[in-house]
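Each chain, letter by letter, is given below.
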Amino acid sequence: MKVAVLRFPGTNCEFDTQYAFEKLGHTTELVWHEEDKLPSNIDLVVVPGGFSYGDYLRSGSIARFSPIMKAVTNYANNGGKVLGICNGFQILTEAGLLPGALKRNNNLHFISKHQNLCVINNDNAFLNKCKRGEVLNIPIAHADGNYYIDDEGFKKIEANGQILLRYSDDKGEPVVVNGSVTSIAGVCNDAKNVFGLMPHPERALEAILGSEDGVRMLEGFSA
Amino acid sequence: MTATVNVFLKDGVLDPQGKAAHHALDSLGFDGVADVRIGKQIIINLETNDKIKAEAQVKEMCETLLANTVIEDYSIEIN
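For the protein sequence lines, the chains are A and B, in the order given.
In terms of the working numbering, the first sequence is numbered consecutively and its last residue is 223.
In terms of the working numbering, the second sequence is numbered consecutively and its last residue is 79.
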């Protein structure tokens, strides 16, 4: 599998993301935001975490107008798979490629810790290696991870199986972490080829560092 | 002309910063505070003197970039 990893001014998880996919046996290529084309023959685009454009105005709001995002939108609209992690999730919601929006955490804190997540839907290209109801332990690190969607939108994504992950306890019961609507930690689009989550699976690859649950998540794409 | 754009979270969308400031005002003994909302003010100097044109242009700026209409409302004042 060949993975394009985007890089904006202020991105800081691009090397971790490359390391993760290369550890899983894939090839990766960094793509600077000023490029207007994605590399050829790619199987996945990852929009990694960080603080693109210093999170000015709103997290992800400026990055989403970078030249490369036009190419990413075309790629996604033609069925290409796109994964946004943390700031990448924020960029994809700002770009309208994912439903909802990410607000400041309710407690106004930057939250950085290992967090249990419950797999809500696995009938998609991302979480097919995980079981429904399974609890994964993945680090989170964000200030603007408070997922908001209006009632009508919520009903749609719930009915269509677009809710991917919820913050949970070790038994899979939802817990309030940042104020997200029904504790949502990750969603996908209607067509299930664009995925976004606040937690960092690329930081959960080795048991010695606290968790290797990220491996099964990222391996889903190579199925 | 100068456009003054105010961007606020929509009614019904919890404003955690407003809530924290409200709590602090209560703690400081300021009575009768019913609600506090915190937003952003964006001031744009425009070259045009055509108010209608300016309004249309700033509205497009708000819809495109300055506000995220999933969670935010905006108001525009042109002087």
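Quick caveat, the hints were computed from the structure, so don't treat them as lab data.
Please note: incorrect hints may appear among the correct ones.
[Stated by the list, open to error] List time: in silico EDC-like cross-link candidates among lysine to aspartate or glutamate, alpha-carbon distance up to 16 Å:
#1 K10/B <-> D150/A
#2 K70/A <-> E34/A
#3 K40/B <-> D151/A
#4 K10/B <-> D151/A
#5 K171/A <-> E134/A
Structure-based check of all given hints:
1. K10/B <-> D150/A: Within the cut-off at roughly 11 Å; holds.
2. K70/A <-> E34/A: holds (11 Å)
3. K40/B <-> D151/A: At roughly 25 Å apart (the allowed maximum being 16 Å), D151/A and K40/B break the hint.
4. K10/B <-> D151/A: Answer holds: K10/B to D151/A is near 14 Å, not above 16 Å.
5. K171/A <-> E134/A: holds (9 Å)
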